[in-house]
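Trainee: Whole structure, please, built from the sequences with the hints as guidance.
Residue numbers (this note's numbering), protein chains in the order written: chain A, 218 to 374; chain B, 1412 to 2200.
No lab work stands behind these hints, which were simulated from the structure alone. Be careful, since some hints might not be right.
Mimicking BS3-like on lysine-lysine, the simulated pairs with C-alpha atoms at most 30 Å apart in a straight line are [what the hints assert, rightly or not]:
#, chain 1, residue 1, chain 2, residue 2
1, A, Lys309, B, Lys1429
2, A, Lys365, B, Lys2069
3, A, Lys365, B, Lys1427
4, A, Lys365, B, Lys1839
5, B, Lys1814, A, Lys309
6, B, Lys1429, A, Lys365
7, B, Lys1978, A, Lys365
8, B, Lys1906, A, Lys309
9, A, Lys365, A, Lys309
Here the structure is a predicted model, which is why all the values come from computation and not from measurement.
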Amino acid sequence: MQHISVNVDGTQYEGEVEPRTLLVHWLRNELGKVGTVVGCDTSNCGACTILLNGRSVKSCSVLAVQADGASVTTIQGISTGDDWHPVQTAFKECHGLQCGYCTPGMVMSTIDLLGENPNPNETEIREGLEGNLCRCTGYHNIVRSVEKAAELMGGAK
Amino acid sequence: MTETVDTSTPLGRPIKRKEDAKLLHGRTNWTDNIQLPGTLHMAILRSPYAHAKITKLDVTPALSRPNVIAAYSAEELGDLNGSIPCVWPVTDDIVMPDFPALAKGKVRQVGDAVAVVLATDPVHAADALDAIEVDYEPLDAVVDMEAALAPGSALVHDDAGTNSCYVYNLGGGYDDVKAKADVVVKRRFINQRLIPAFMEPRSVVAAPMGMSDEMTVWSSTQIAHVLRVLMALVTGIPENNLRIIAPDVGGGFGGKLQLYREEVLATQLARKLGRPVKWTETRSEDMVATHHGRDQIQDIEIAATKDGKILGLKVDLIANMGAYLQIITPGIPLLGMFMYPAIYKMDAYDFKCTGVFTNTTPTDAYRGAGRPEATYAIERIVDELAAELDMDPMELREKNWIKHEEFPYTTVAGLTYDTGNYEAATAKAVDLFGMDELRAEQKRRRESGDPVQLGIGISTFTEMCGLAPSRTLGALKYVAGGWEHATIRMLPTGKVELITGTSPHGQGHETAWSQIAASILGIPVEDIEVVHGDTGRAPYGMDTYGSRSLAVGGQAIKKAADNLIEKARVIAAHQLECSPGDLEFVNGEFKVKGDPEKSQAIGAVAFEAFTAHNLPDGVEPTLQGEATVDPEDFSYPHGTHLAAMEVDTETGKVTLRKYVCVDDVGNQVNPMIVEGQVHGGLAQGIGQALYEGAFYDEDGLPLNANLSTYLIPAAPDLPSFITGTTTTPSTTHPLGTKGVGEAGAIASTPAIINGIVDALRPMGVTDVAMPATPMTVWKTIQAAKGGQA
Ligand code: FES
Ligand code: FES
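Mentor: Dropping the structure here:
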């Protein structure tokens, strides 16, 4: 077991983990951050995407021990209670989700994408979300959602 | 009281979804989120062989691994090892082999379950699988469907003495019309095997901890109600002791329309051990153990006159069942059977389907279930017929389709389509597409010998959905009915519980069903809570699949709301001292006709029904309306889909440049949701045409059973879509609605392939196999060139 200390969604957590424990499993099983989900075992789906020190990563391809000392933001940390992050608002406005399983990952990837490129065009959006699979929406409304989010966030931040 | 209430109802408006707040904030209740105290986690040892005898199996070494509580093979499980049932024995002499949850003596597919380990955490359960001692003696695997049917083939099920599951015949008379035909076109299409690949892996938690003897089973399923009946039959647990809950479910597409072996095992082991048992699949397990879809060889023949009148159609299918029959495996091709004649008038139709066992994952429903296969075949062969006749493919279609004034129309397959307007949908689609400019560009590129050729793909489809009435299903030997239930309960505070037997997993029922009820009851959408997917709270239902939820469930909601109003009317009349017939119900209020000052809101009636202080004689307290509706007929959405395909003839690379579809789904409850359903369906249909296919090697080993090699489309693989609708209300549905969930998946696949073939036809190409990867397209071009040389 190894000791780790990670700031998750603004709270500092201490834990003992097996070195092989994946960050996503630690978040879900130990911290109850079940908003972040697992969709595959080959790092293809992006459902598990979180922000690690502000950048999006697939939390199934990071070991919990690698997050020691880092700061993690999950879908449950971008807004509290009834508040909405503009990306969340945009996905609702544009019907960018159906079953919602890919959604936490899509939202976190979008936040990172818009941080890098506040005014992406359609091609940039599609390429930016390439690592996030959605089986429900056909991506059409996800692209609209990201465009809308860019608009809500004022283009440049 | 709001005098200014908008008289337009919420029906038909693109209201934002109620579901989204929790989904977007991560406040979800996926089955895998459920953590009950004392839970044992189940891991499954699966067969690495497609076909083998188990020569040694000893689970005891696993028991000494840390945190392991129990381990079982079929032998130790004995009678608890239930058999998975098939509820659609399509013929009297169908072969229905035993399908034990844990394999007995023999494995018949990669992924077959061999043994289970239960541990106090999932990691140790999975680790301990290593300790199980198992030896196999590999047997010849049956993989190719035609080889499976040839004499002397190895057998998937020795007892059966054959790999043929059933042979189904319909029709007759094709040969007579063929004799009169000027042109006969024959093609073999391969409708390849697909994997549903919903994003939420399957998961089940079974807990023997409800009231008295209740066993509660949470499952990531589309069919809580059907599952309860089947689970009772398989396990012997009294049905009234079983509560099945489908919490938040992350997609299904037919793949969660099933009773899976893992659900049976978890339930039986929870019962045996008296503790909650939980299992969540890995994606790699999902790709071999969740049922697959499609997988048919289609020999299609069409006969026509030289001026393009279709005379008849002959369909000869071989349908891959896989290694076992899951709940409706054999029936899937028969759902397609009715749809091969599609929108076309013809005199004769012969259909034959041979179901065949192979050492592969069982097939069953996947978005469209039989109808995409049928639509693919008919829309492809019509294009081939057009080429043979040197006719414009749209002109040929128009010549043969049922004209809008000819409805209701009984097809050669025996279905009566209530309504449709193929002319209107096509005209709108052609317009949105810019057909003339694209044809002109195609011509230019052909003439200039541009290496990138342009093709135009057409698909004018219809489908049948909302499988019902029950009597028809009975005639097809389907063991269940096609009805649906709704209860609408008005609570003392005026809030409403709408209890539905449908079970959403992304379709937005909470919003859409609220819109239907709100529009009838005249109350705000926000005041309605939709209760679904829990046999404890929503006791009756037939669940969600086959685009049935609105087509069937919507009718039940309407009727339940009407029934509620009728009861409320009697109470209101008593309060307002008039007769019920003197009341009109407008915007949620009963008003005395001719005396508009005298009125009572429906919420106030609910309170009266609750206090019961002043009810008319003979009227029972409480205010609710119920209805169980068995629809008059199927619903028949239709539409015209057009694809502009660019094909790089030097590399085989295909680009979907423009996709236009105009769907007619009748009246829409929520156009935003309808459009989303179409988009998602398109992605799956286009996925089949261009990217997806589950393949096996000759030993029956899956070649691409994970998400890095089985390519479901990602965002850069698809364009934005141009969608439109026309509205021809269904006349057999009180709301005038039709189903929409499968339309996009059914229509789009042939549009894409027709477009690619159209681009390459001048080079001598007459078909392209799916998925049309660059390599496949390039090889097709080379073969055509070789053929011409
Ligand atoms: S779970 Fe699929 S990429 Fe992480
Ligand atoms: S909304 Fe279901 S997977 Fe994206």
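Trainee: Would you mind marking each hint as holding or not holding in the structure?
Mentor: Hint check results:
Between A:Lys309 and B:Lys1429 the CA atoms are separated by roughly 9 Å; this keeps the pair inside 30 Å, and the hint holds. At most 30 Å may separate the alpha-carbon atoms for a hinted pair to count; A:Lys365 and B:Lys2069 meet this at roughly 23 Å. Note on A:Lys365 and B:Lys1427: the hinted pairing holds, with a Cα-Cα distance of about 15 Å set against a maximum of 30 Å. Under the criterion of a C-alpha separation no larger than 30 Å, the hint pairing A:Lys365 with B:Lys1839 is consistent with the structure, at around 28 Å.
For the given pair, B:Lys1814 sits about 40 Å from A:Lys309 by alpha-carbon distance, which is inconsistent with the 30 Å threshold. Pair hint B:Lys1429 plus A:Lys365 holds up; C-alpha atoms about 19 Å apart against a cutoff of 30 Å. With a CA separation close to 46 Å, the supplied pair B:Lys1978 and A:Lys365 exceeds the 30 Å bound. A distance of roughly 24 Å separates the Cα atoms of B:Lys1906 and A:Lys309; the hinted pair therefore holds under the 30 Å criterion.
As the CA atoms of A:Lys365 and A:Lys309 are separated by approximately 10 Å, the hinted pair is consistent with the 30 Å bound.
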